[in-house]
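From just these sequences and the hints, can you work out the full model?
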Amino acid sequence: MQVGVLTVPLGDQSLEDALSYLDDIGVDAVELGCGGFTGDDHLPREEYLDDDDARAELRDSLDEHDMEVSALATHNNPLHPDDDRASEADTELREAIELADQLGVDAVTTFSGLPAGGPNDEVPNWITAPWPTEHADAHDYQWEVATEYWSEIADYAADHGVDVAIEMHPNMLVYEPHGMLKLREATNERIGANFDPSHLYWQGIDVTAAIRLLGEEDAIHHFHAKDTKVYEENAREKGVLDTTGYTEEADRSWLFRSIGYGHGEAHWKDVVSTLRMVGYDGTLSIEHEDSLTSGREGLEKAVDVLDRAVFETTPGDAYWAE
Numbered sequence: 001m002q003v004g005v006l007t008v009p010l011g012d013q014s015l016e017d018a019l020s021y022l023d024d025i026g027v028d029a030v031e032l033g034c035g036g037f038t039g040d041d042h043l044p045r046e047e048y049l050d051d052d053d054a055r056a057e058l059r060d061s062l063d064e065h066d067m068e069v070s071a072l073a074t075h076n077n078p079l080h081p082d083d084d085r086a087s088e089a090d091t092e093l094r095e096a097i098e099l100a101d102q103l104g105v106d107a108v109t110t111f112s113g114l115p116a117g118g119p120n121d122e123v124p125n126w127i128t129a130p131w132p133t134e135h136a137d138a139h140d141y142q143w144e145v146a147t148e149y150w151s152e153i154a155d156y157a158a159d160h161g162v163d164v165a166i167e168m169h170p171n172m173l174v175y176e177p178h179g180m181l182k183l184r185e186a187t188n189e190r191i192g193a194n195f196d197p198s199h200l201y202w203q204g205i206d207v208t209a210a211i212r213l214l215g216e217e218d219a220i221h222h223f224h225a226k227d228t229k230v231y232e233e234n235a236r237e238k239g240v241l242d243t244t245g246y247t248e249e250a251d252r253s254w255l256f257r258s259i260g261y262g263h264g265e266a267h268w269k270d271v272v273s274t275l276r277m278v279g280y281d282g283t284l285s286i287e288h289e290d291s292l293t294s295g296r297e298g299l300e301k302a303v304d305v306l307d308r309a310v311f312e313t314t315p316g317d318a319y320w321a322e
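Going letter by letter, the sequence shown gives residues 1 to 322 in the UniProt record's numbering.
Don't read these hints as lab results, they were simulated from the structure.
Check the hints yourself; a few may be wrong.
BS3-like mimics (lysine-lysine), calculated; alpha carbons at most 25 Å apart, straight line [said to hold, decoys possible]: (1) Lys269 <-> Lys229; (2) Lys301 <-> Lys229; (3) Lys269 <-> Lys238.
As structure tokens, then:
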């Protein structure tokens with residue numbers, strides 16, 4: 001198991017400088033954005049796709065810093081009712097899968113996307129209740145759209161030997177573990193989770209229970225190390241479905257926090273242990289979105305906590321059980 005970083009907070013510097021900095025603070029892997037909401041500051045697809053020389057140069061830079069790529073990231077909405085926006089997101093995702101194959105990267109991280117509530121609607125519709133009944137009908141329609149699209153992408157990913165790791169995220173069709181398993185069952189085993197606990201904490205989901213649920217199906221393809229703190233003094237008054245701006249921190253029911261500032265080190269050791277129990281021994285990719293601190297400080301504090309939590313060796317013989 002190793003500590004990694006989604007490099008978006010370091011997008012104001014070159015990839016070489018980012019790799020040097022991350023190497024210095026003890027990071028072993030990077031998740032590189034190549035489109036969508038994550039941007040492509042460190043991996044513009046057009047510069048690397050089908051270009052052997054560019055990819056060789058990238059590998060040399062990674063080798064110099066003893067770094068590997070845990071995943072390529074392209075988070076967008078390929079199910080958007082606007083055909084142009086959906087087409088752009090679909091192109092980003094397919095090209096990310098192709099580039100991952102060419103780079104020998106195992107996974108592409110993304111969102112499930114969110115359709116409209118019906119074929120004539122113009123905006124995506126996040127449905128969280130089955131009543132009035134037109135909402136249940138709309139939800140059924142959305143799953144029909146998603147199943148058709150993701151079945152095709154699952155086959156495309158299988159052809160390239162790449163896993164598609166979907167982040168369970170609010171305002172997307174798949175936002176909790178049962179939805180994740182439903183989509184996986186409707187497609188194939190290449191569709192799985194980019195397990196990001198930060199979006200589960202505020203929904204009241206037990207993170208280690210969710211790890212066990214998805215791990216039993218071998219459905220965790222990648223992991224985002226990101227914390228969340230629920231501020232009960234606000235949540236008691238307005239609940240957790242909070243539309244207050246992310247930078248109005250004092251008024252929000254919850255905030256994304258750096259690792260250790262939402263849940264303590266003991267909790268993160270439990271998360272790591274549960275991941276190992278279910279067979280995930282890959283990268284914990286830190287995603288910094290804590291508005292109370294800078295990107296560098298947030299990354300460094302997260303690395304500090306996770307360094308003490310991760311297992312660096314394989315399990316030894318259980319001699320005491322013999």
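Hint check:
Distance restraint check for lysine 269 and lysine 229: the Cα-Cα separation of roughly 17 Å lies within the 25 Å cut-off, and the hinted pair is therefore satisfied. In summary, the hint linking lysine 301 to lysine 229 is supported, as the alpha carbons are separated by about 16 Å, within the 25 Å threshold. For the given pair, lysine 269 sits about 32 Å from lysine 238 by alpha-carbon distance, which is inconsistent with the 25 Å threshold.
Violated hint for the displayed structure: number 3, the only one.
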